[in-house]
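There are 2 protein chains.
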Amino acid sequence: MKRIKIVEALQQKETGVKVLVKGWVRTRRGNKNVNFIALNDGSTINNIQIVVDLANFDEETLKLITTGACIAAAGTLVASQGQGQNVEIQAENIEVYGTADPETYPLQKKGHTLEFLREIAHLRPRTNTFGAIYRMRHNMAMAIHDFFHKKGFVYVHTPIITASDCEGAGQMFQVTTMNLYDLKKDENGSIDYSHDFFGKQASLTVSGQLEGELAAMALGEIYTFGPTFRAENSNTPRHLSEFWMIEPEMAFYEIEENMDLAEEFIKYCIRWALENCQDDLKFLSDMYDKELIDRLNFVLDNDFKRLTYTEGIKILQAAIAKGHKFEFPVDWGTDLQSEHERYLVEQHFKRPVILTDYPKDIKSFYMKQNADEKTVRAMDVLFPKIGEIIGGSQREEDYDKLKKRAEEMHVPLKDIWWYLDTRRFGTAPHSGFGLGFERLLLFVTGMANIRDVIPFPRTPNNAEF
Amino acid sequence: MKRIKIVEALQQKETGVKVLVKGWVRTRRGNKNVNFIALNDGSTINNIQIVVDLANFDEETLKLITTGACIAAAGTLVASQGQGQNVEIQAENIEVYGTADPETYPLQKKGHTLEFLREIAHLRPRTNTFGAIYRMRHNMAMAIHDFFHKKGFVYVHTPIITASDCEGAGQMFQVTTMNLYDLKKDENGSIDYSHDFFGKQASLTVSGQLEGELAAMALGEIYTFGPTFRAENSNTPRHLSEFWMIEPEMAFYEIEENMDLAEEFIKYCIRWALENCQDDLKFLSDMYDKELIDRLNFVLDNDFKRLTYTEGIKILQAAIAKGHKFEFPVDWGTDLQSEHERYLVEQHFKRPVILTDYPKDIKSFYMKQNADEKTVRAMDVLFPKIGEIIGGSQREEDYDKLKKRAEEMHVPLKDIWWYLDTRRFGTAPHSGFGLGFERLLLFVTGMANIRDVIPFPRTPNNAEF
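Chains as they are written, first to last, in our numbering: chain A, 1 to 465; chain B, 1 to 465.
By construction, these hints were calculated from the structure, which means they are not laboratory data. Misleading hints may appear alongside valid ones.
For chains that are exact copies, the list does not tell them apart, and a pair is met inside one copy or across any two.
[To be verified] Below, in silico cross-link-like pairs of lysine to aspartate or glutamate (EDC-like), each with a Cα-Cα straight-line distance of 20 Å or less:
hint, residue 1, residue 2
1, K414, E119
2, K150, E275
3, K184, E59
4, K2, E264
5, K374, E407
6, K401, D101
7, K2, D260
Every value quoted in this text rests on a predicted model; they were computed, and no experiment measured them.
Take these sequences, add in the hints, and give me the full structure.
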């Protein structure tokens with residue numbers, strides 16, 4: 001008999017048919033005549049109930065069927081008498097593939113803290129919580145590819161290992177094959193990287209944007225979706241050393257079209273979650289965040305309010321004047337904190353906000369300079385609960401302005417000659433933005449710690465599994 | 001007026017309408033009355049022809065419109081008099097966004113070698129060849145996600161940075177934030193990695209398979225699609241230091257179902273290419289590989305022949321006995337070379353081949369051991385022209401056998417305790433395989449050098465851009 005997935009068995013309308021399911025035992029309970037096994041195979045958060053008439057099975061087999069064991073169960077699909085499911089399986093044959101010793105298997109029926117589950121990240125996908133999160137992670141990845149593919153964007157793999165150093169070496173991981181016990185040095189005592197694998201010092205990328213722009217200036221509209229790295233020593237619920245980024249870059253887009261795209265994009269992802277992840281969303285909402293689904297609908301149902309950073313600062317200062325307390329000061333020229341962003345979204349406008357035209361000194365060298373010589377054509381999309389979810393800008397397309405700004409900000413020109421070349425040859429107005437994939441996942445799952453929305457988190461002192 | 005993409009303009013049936021296109025000038029030619037600009041925006045390999053009545057444009061603007069320049073052209077879409085296109089644009093207004101000095105712009109009209117284009121990988125997407133390749137790369141990525149998503153597989157991001165060392169440290173890149181000028185050592189003179197970022201020695205992953213299995217033993221059917229790394233000092237047309245892998249892992253699949261999936265999967269990708277990349281395929285076929293499309297159809301139209309490694313060896317030895325010459329010897333127990341694989345595919349069976357049950361000593365520790373104690377349940381899918389395109393196996397699900405084999409092959413158990421745990425708790429038969437994404441791309445594009453199917457190749461002494 002061919003196995004069917006539990007998600008299909010549960011949806012089957014026709015009862016009385018023989019089915020074969022395989023999965024992991026979540027619980028077994030019962031009385032002296034009949035046992036009920038809740039079986040899950042990862043295809044859905046819902047378990048199927050296997051009804052075991054004890055008279056038909058030998059005791060030795062049944063003893064092995066404990067929480068965590070893996071079994072195949074064949075039987076007849078019947079209408080369920082119990083609550084919470086339409087159908088169940090009246091077992092006729094059960095094969096035990098793998099046992100799970102109740103003395104040592106860590107995932108017993110009782111609830112576990114998220115902290116404990118992080119220590120057993122190799123087993124946590126077997127829990128309801130992480131099954132739901134990883135199915136949603138999958139769905140958000142599919143939504144992203146689907147969105148861009150339908151629009152004719154080209155998916156580009158930008159390099160992971162890079163010899164450029166455009167955002168400051170202090171936060172980058174070095175990649176090397178040198179023998180650290182026998183480092184070759186030159187006459188000045190400097191390490192001689194000509195002996196290293198790439199013939200020069202190499203690191204893990206912090207962003208695929210610059211290479212993405214190269215592709216956009218040929219293919220028109222592109223996006224990246226790949227891992228990026230930060231060697232910050234930050235042990236917080238919002239930082240990962242290894243995380244995934246989505247970075248679209250579009251030739252011929254000015255900042256307004258960039259904002260339109262960002263809004264359409266994020267709404268597409270959220271609509272996808274609401275339409276395709278109902279069971280998982282309901283579980284996460286019930287367990288972790290009662291307002292989750294309302295918050296997703298809030299984003300879907302509202303046009304994003306667009307205003308300049310300068311206007312935002314005025315609103316925040318007016319709030320302070322009326323007695324609102326912030327932990328951090330609000331001054332033109334400094335970056336906004338999450339509390340400021342959330343105030344604008346949750347209290348002032350009561351809708352998502354896009355702030356534009358930030359002071360140039362708090363933004364990167366590649367952003368398009370405004371005529372006021374003080375601000376750049378940046379945009380940050382601000383969301384309820386989490387603050388900034390997307391950051392982007394129109395890019396500076398003028399060769400001289402870009403080069404001057406890179407020099408002012410001490411970006412080594414020898415490392416970005418190829419980037420500057422796109423402005424030397426056939427330059428064009430263009431824009432792009434970046435979305436941290438795990439930040440999107442925090443938003444759509446309602447989880448509070450970023451280590452819980454990536455299968456195997458990497459953080460300071462942690463690269464287990 | 002809203003810009004339309006050139007791919008849309010070329011398909012438009014209604015002439016006489018006003019359109020606005022933007023893109024890069026491929027060529028400009030003409031006479032003293034009229035000029036013809038071939039414009040490309042990356043949305044298709046085909047250019048649109050812009051017809052410029054010289055009387056209506058000032059000379060200064062026209063001078064700037066050289067190969068590589070970026071322009072916006074507005075005008076009327078009219079039926080084309082010329083060959084090779086149905087429509088063209090009678091220009092009414094042209095704006096030059098960016099010039100490309102003919103003295104310095106490297107991509108002039110004349111043909112360039114692929115070697116030269118590799119040196120300007122930041123500009124090569126502007127050529128027909130690389131536009132075609134990158135659109136096909138995009139399409140193959142979409143085909144892969146689409147295939148697995150429709151089947152209910154979960155896309156899993158396995159970690160890039162790993163502290164495990166399961167395939168031999170010699171070929172791995174080390175990842176560190178230690179100050180190489182001041183390495184801390186312990187009393188034995190060993191580097192003290194407790195000072196490194198992750199508190200232990202860390203590397204870039206060579207495969208996501210082991211972590212993928214963890215997810216499969218909870219979510220059922222999963223796949224990875226991410227970058228992997230090899231620090232081999234191999235300067236060949238088939239090796240990259242950084243490349244992308246697809247690795248599906250499926251609970252409850254035996255080797256036969258694994259083969260079924262691999263065959264269905266690769267045919268799905270190839271069918272996608274034939275149906276969605278016609279113009280690009282035709283170009284690559286005409287320019288680089290006249291047999292390309294026939295070869296794709298050959299794979300689609302044939303059932304893959306399945307036989308054991310041992311049977312394959314006999315066939316090869318019989319060929320030698322009949323006088324066929326191979327460069328490398330054929331002996332049971334040694335790995336097949338590409339020439340042997342291609343002989344089986346191209347000359348003996350005349351269809352793709354799946355070889356199974358390889359000698360255990362040439363395969364990894366995690367493959368399921370056969371009862372003969374000599375072979376393991378491995379499978380390699382062999383293709384015309386390139387040899388092995390997919391490698392996989394049923395995985396050893398027995399804890400004791402797996403542990404013993406890991407020890408025999410000197411895999412440090414302390415690094416894979418979490419992997420062994422999946423066999424301690426609720427183990428099940430399961431299988432999986434790996435496909436090198438760039439190897440698939442070599443096959444579907446007909447290109448000969450793997451550095452030409454990834455945007456920014458990383459190889460020994462090369463991490464430019």
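So which of the earlier hints does this model not fit?
3
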